[in-house]
Amino acid sequence: MIEQNLSLLLVAIPLVAAPLAALLPAGRLPWLLTLVVSWITLGLAAWQLWVVADGSVISYELGGWAPPWGIEYRIDALNALVAVIVAGIGAITLPYALRSVADEIPRWQTPYFYSAFLLCLDGLLGITQTGDIFNLFVFLEISSLSSYALISMGQKRRALTAAYQYLIMGTIGATFLLIGIGLVYAETGTLNMVDLAARLPELYSHRTVHTAFTFMLVGISLKLALFPLHLWLPNAYTYAPSAITVFLAATATKVAVYVMLRTVFTVFSNQFVQITPTELVFLLLGMAGILYASVAAIYQPDAKRLLAYSSIAQIGYMVLGMGFGSALGLTGTIVHVFNHALMKGALFMALGALVYRVGSTRMNQIQGLGREMPWTFAAIFIAGLSLIGVPGTAGFISKWYLVLAAIDQQNWLIALVILAGSLLAVAYMWNLVETLFFQPATRQREPVREAPLSMLVPMWLLVIANIWFGLDTELTVGIAETAVQLLGVDGP
Amino acid sequence: MSEFILGHYNYWIVILLMMIGFYTVISRGNLIKKIAGLNIFQTSVFLLYISIGNVRDATTPIIAEGFTHYSNPLPHVLILTAIVVGVSTTALGLALVVRIREAYGSIEEEDIHAQDKDASL
Numbered sequence: 001m002i003e004q005n006l007s008l009l010l011v012a013i014p015l016v017a018a019p020l021a022a023l024l025p026a027g028r029l030p031w032l033l034t035l036v037v038s039w040i041t042l043g044l045a046a047w048q049l050w051v052v053a054d055g056s057v058i059s060y061e062l063g064g065w066a067p068p069w070g071i072e073y074r075i076d077a078l079n080a081l082v083a084v085i086v087a088g089i090g091a092i093t094l095p096y097a098l099r100s101v102a103d104e105i106p107r108w109q110t111p112y113f114y115s116a117f118l119l120c121l122d123g124l125l126g127i128t129q130t131g132d133i134f135n136l137f138v139f140l141e142i143s144s145l146s147s148y149a150l151i152s153m154g155q156k157r158r159a160l161t162a163a164y165q166y167l168i169m170g171t172i173g174a175t176f177l178l179i180g181i182g183l184v185y186a187e188t189g190t191l192n193m194v195d196l197a198a199r200l201p202e203l204y205s206h207r208t209v210h211t212a213f214t215f216m217l218v219g220i221s222l223k224l225a226l227f228p229l230h231l232w233l234p235n236a237y238t239y240a241p242s243a244i245t246v247f248l249a250a251t252a253t254k255v256a257v258y259v260m261l262r263t264v265f266t267v268f269s270n271q272f273v274q275i276t277p278t279e280l281v282f283l284l285l286g287m288a289g290i291l292y293a294s295v296a297a298i299y300q301p302d303a304k305r306l307l308a309y310s311s312i313a314q315i316g317y318m319v320l321g322m323g324f325g326s327a328l329g330l331t332g333t334i335v336h337v338f339n340h341a342l343m344k345g346a347l348f349m350a351l352g353a354l355v356y357r358v359g360s361t362r363m364n365q366i367q368g369l370g371r372e373m374p375w376t377f378a379a380i381f382i383a384g385l386s387l388i389g390v391p392g393t394a395g396f397i398s399k400w401y402l403v404l405a406a407i408d409q410q411n412w413l414i415a416l417v418i419l420a421g422s423l424l425a426v427a428y429m430w431n432l433v434e435t436l437f438f439q440p441a442t443r444q445r446e447p448v449r450e451a452p453l454s455m456l457v458p459m460w461l462l463v464i465a466n467i468w469f470g471l472d473t474e475l476t477v478g479i480a481e482t483a484v485q486l487l488g489v490d491g492p
Numbered sequence: 493m494s495e496f497i498l499g500h501y502n503y504w505i506v507i508l509l510m511m512i513g514f515y516t517v518i519s520r521g522n523l524i525k526k527i528a529g530l531n532i533f534q535t536s537v538f539l540l541y542i543s544i545g546n547v548r549d550a551t552t553p554i555i556a557e558g559f560t561h562y563s564n565p566l567p568h569v570l571i572l573t574a575i576v577v578g579v580s581t582t583a584l585g586l587a588l589v590v591r592i593r594e595a596y597g598s599i600e601e602e603d604i605h606a607q608d609k610d611a612s613l
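Protein chains in written order, with the numbering used here: chain A, 1 to 492; chain B, 493 to 613.
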């Protein structure tokens with residue numbers, strides 16, 4: 001009974017729990033409810049992935065209305081993998097969030113905080129489950145609206161302006177997507193993604209379809225923080241509460257990558273991509289994003305901001321992978337979505353631990369902390385190696401596939417940019433490591449203790465996952481290859 | 493030609509509103525005016541959807557004797573959802589402006605940037 005309703009339960013449980021969390025008394029109860037819900041969703045998402053890992057597809061008709069009239073939830077290996085990333089990061093962030101949130105959020109706000117967190121989780125999971133493009137827009141707005149509220153709960157007043165800026169840019173992005181959806185609906189009369197995929201090919205020469213595609217691409221790119229539409233991201237990640245930075249950095253942009261893949265390769269198709277300059281745009285913006293954001297990261301005076309810029313660079317890699325138009329490139333993108341969630345999750349958790357102990361991540365405040373917090377420092381070091389792409393870590397696998405895709409097309413320039421991005425990552429991560437470990441603490445301060453166990457354990461689980469998925473690639477690459485086949489991109 | 497312009501007049505209004513709204517969001521420094529611009533921008537999209545649902549010589553989609561042509565009700569339903577999203581966005585945006593005003597004493601973007609710059613020095 002549960003197995004038939006997996007996809008619906010994934011969306012329904014957090015949605016029902018969100019108002020309940022808001023009604024609970026302030027303190028630990030809202031957290032406990034959120035924790036239980038997030039672990040249940042992880043279990044359901046893992047079950048779902050196990051069912052579809054062989055390439056099969058689950059189709060769920062909402063309310064018994066047959067598609068294309070009713071809303072269909074359609075699960076294949078790609079959605080199931082992204083759902084596991086979202087639910088998994090949610091489940092691992094919550095044990096960490098207890099101490100971090102108690103430290104950063106006023107006690108009376110905790111029910112609302114966790115309620116918004118559940119809504120955000122719900123929106124992100126909903127995006128991964130739905131097979132209806134308008135439904136996708138609605139879930140995108142559920143997750144976005146709750147993340148604006150969550151970001152604004154940061155301690156500094158700049159969190160408010162960061163949330164406002166994100167709200168303006170995010171809403172413009174969502175409205176662009178809405179315009180695109182309206183135009184394809186006008187052309188085809190359907191909103192179901194599979195139905196759209198069947199009806200659009202005969203209309204590929206229509207200018208309205210091209211306009212719709214462009215609107216959707218720009219809208220999703222805004223949500224994705226693709227260079228040069230990334231301006232909202234650094235402030236949002238820097239000033240959000242630590243636990244929210246962990247959650248959003250590891251999930252929100254990944255889900256946007258998924259929406260991009262789904263729109264470009266399922267709703268439209270590789271065939272459509274070939275008759276438009278989409279690949280060129282992806283390649284150019286991907287390369288520009290990698291180089292620009294990696295250089296910008298070197299000069300940031302705040303560690304959280306440094307990693308935010310690094311995230312923009314990593315998004316560049318994911319978009320680059322889509323630009324190759326080959327199965328190798330897309331495999332690289334999907335594996336990088338998974339691996340980047342692991343590394344950025346671990347890194348932002350470590351920075352949250354610094355905030356918990358010294359209240360800041362500004363470079364001049366965290367000097368020498370690495371010697372006093374050895375476990376947190378070691379986590380930053382290992383996750384940093386993964387971010388750079390050192391062999392034996394998860395980051396190496398995804399970059400390996402991207403370089404292979406570039407070499408396969410004999411595109412040496414792109415291969416060079418990928419390697420240059422890794423070298424720049426060495427530079428900015430070295431900045432952080434040097435500040436934390438080799439520089440003496442400049443000002444007098446109380447001796448700092450290591451972060452509490454409830455923060456260290458989730459952090460190290462992600463660090464170990466970084467190494468695990470660097471050595472055992474069967475799960476990630478296997479599922480990514482199945483997903484690429486379902487997206488209809490052939491060739492090497 | 494004139495039929496092309498007059499026959500699509502609602503789409504011209506959509507484009508006009510869209511540009512007015514988008515320009516307001518980008519060009520104004522006042523945080524409330526930005527939200528007003530965002531609203532106009534979203535409203536233009538509502539109008540686009542409603543125009544799509546129109547069927548020539550058709551009546552409102554209520555079953556009645558003597559009518560066989562009905563307008564397509566689905567875009568209307570979709571846009572109801574989008575209106576709800578728009579209203580929530582506006583409410584949240586205005587709530588943020590209230591908090592920003594409490595924290596900075598201003599709702600002008602330039603003022604706020606200047607204050608942030610001073611604080612980070």
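Careful: at least some of the hints might be erroneous.
Stated by the list, open to error - In silico DSS-like pairs for lysine-lysine, Cα to Cα no more than 27 Å straight-line:
{"no.": "1", "chain 1": "B", "residue 1": "K609", "chain 2": "A", "residue 2": "K156"}
{"no.": "2", "chain 1": "B", "residue 1": "K609", "chain 2": "B", "residue 2": "K525"}
{"no.": "3", "chain 1": "A", "residue 1": "K156", "chain 2": "B", "residue 2": "K525"}
Unchecked claim - Pair ranges (Cβ atoms, derived):
{"no.": "4", "chain 1": "A", "residue 1": "W50", "chain 2": "B", "residue 2": "G499", "range": "31 to 41 Å"}
{"no.": "5", "chain 1": "B", "residue 1": "I554", "chain 2": "A", "residue 2": "G43", "range": "14 to 24 Å"}
{"no.": "6", "chain 1": "A", "residue 1": "Q439", "chain 2": "B", "residue 2": "A595", "range": "52 to 62 Å"}
{"no.": "7", "chain 1": "B", "residue 1": "S598", "chain 2": "A", "residue 2": "L231", "range": "52 to 62 Å"}
{"no.": "8", "chain 1": "A", "residue 1": "S205", "chain 2": "B", "residue 2": "G499", "range": "16 to 26 Å"}
{"no.": "9", "chain 1": "A", "residue 1": "E446", "chain 2": "B", "residue 2": "D610", "range": "51 to 61 Å"}
{"no.": "10", "chain 1": "B", "residue 1": "S519", "chain 2": "A", "residue 2": "P440", "range": "44 to 54 Å"}
{"no.": "11", "chain 1": "B", "residue 1": "I497", "chain 2": "A", "residue 2": "L423", "range": "35 to 45 Å"}
To be verified - Here are some chain A residues pointing at chain B (derived, C-beta under 7 Å):
{"no.": "12", "residue": "L145"}
{"no.": "13", "residue": "Q165"}
{"no.": "14", "residue": "M169"}
{"no.": "15", "residue": "T175"}
{"no.": "16", "residue": "I179"}
{"no.": "17", "residue": "G182"}
Just so you know, these hints were derived from the structure itself, not from any lab.
All residues carry an ideal CB built from backbone N, CA and C; glycine is no exception.
Checked hints:
1. Among the hinted pairs, B/K609 with A/K156 is consistent with the structure: their alpha-carbon atoms are about 14 Å apart, no more than 27 Å.
2. Between the alpha carbons of B/K609 and B/K525 the distance comes to roughly 23 Å, so the proposed pair stays at or under 27 Å and holds.
3. Annotation: proposed proximity of A/K156 to B/K525 holds, straight-line Cα distance about 24 Å (limit 27 Å).
4. The hinted range of 31 to 41 Å is not satisfied by A/W50 and B/G499, whose Cβ atoms lie roughly 55 Å apart.
5. Checked against the hint of 14 to 24 Å, the C-beta distance between B/I554 and A/G43 comes to roughly 46 Å, which is inconsistent with it.
6. Checked against the hint of 52 to 62 Å, the C-beta distance between A/Q439 and B/A595 comes to roughly 33 Å, which is inconsistent with it.
7. Separated by about 21 Å at the C-beta atoms, B/S598 and A/L231 break the suggested range of 52 to 62 Å.
8. About 23 Å separates the C-beta atoms of A/S205 and B/G499, a value consistent with the hinted range of 16 to 26 Å.
9. Range check, A/E446 to B/D610: about 29 Å between beta-carbon atoms, so the 51 to 61 Å window is missed.
10. At roughly 49 Å, the beta-carbon separation of B/S519 and A/P440 lies within the given 44 to 54 Å, and the hint holds.
11. Checked against the given bound of 35 to 45 Å, the beta carbons of B/I497 and A/L423, roughly 57 Å apart, lie outside it.
12. For the restraint placing A/L145 at the interface with chain B, the shortest Cβ-Cβ distance is roughly 6 Å, inside the 7 Å limit, so the hint holds.
13. Look at A/Q165: its Cβ only gets to about 10 Å from chain B, farther than 7 Å, so that hint breaks.
14. A least Cβ separation of about 9 Å between A/M169 and chain B goes past the 7 Å threshold, and the interface hint is therefore violated.
15. This hint holds: A/T175 has a C-beta 6 Å from the nearest C-beta of chain B, less than the 7 Å allowed.
16. Checking A/I179 against chain B by beta carbon gives a least distance of about 6 Å; that is within 7 Å, so the hint holds.
17. Restraint check, A/G182 versus chain B: the minimum CB separation of about 5 Å is within 7 Å; hint holds.
Hint check: violations occur at hints 4, 5, 6, 7, 9, 11, 13, 14; the rest are consistent with the structure.
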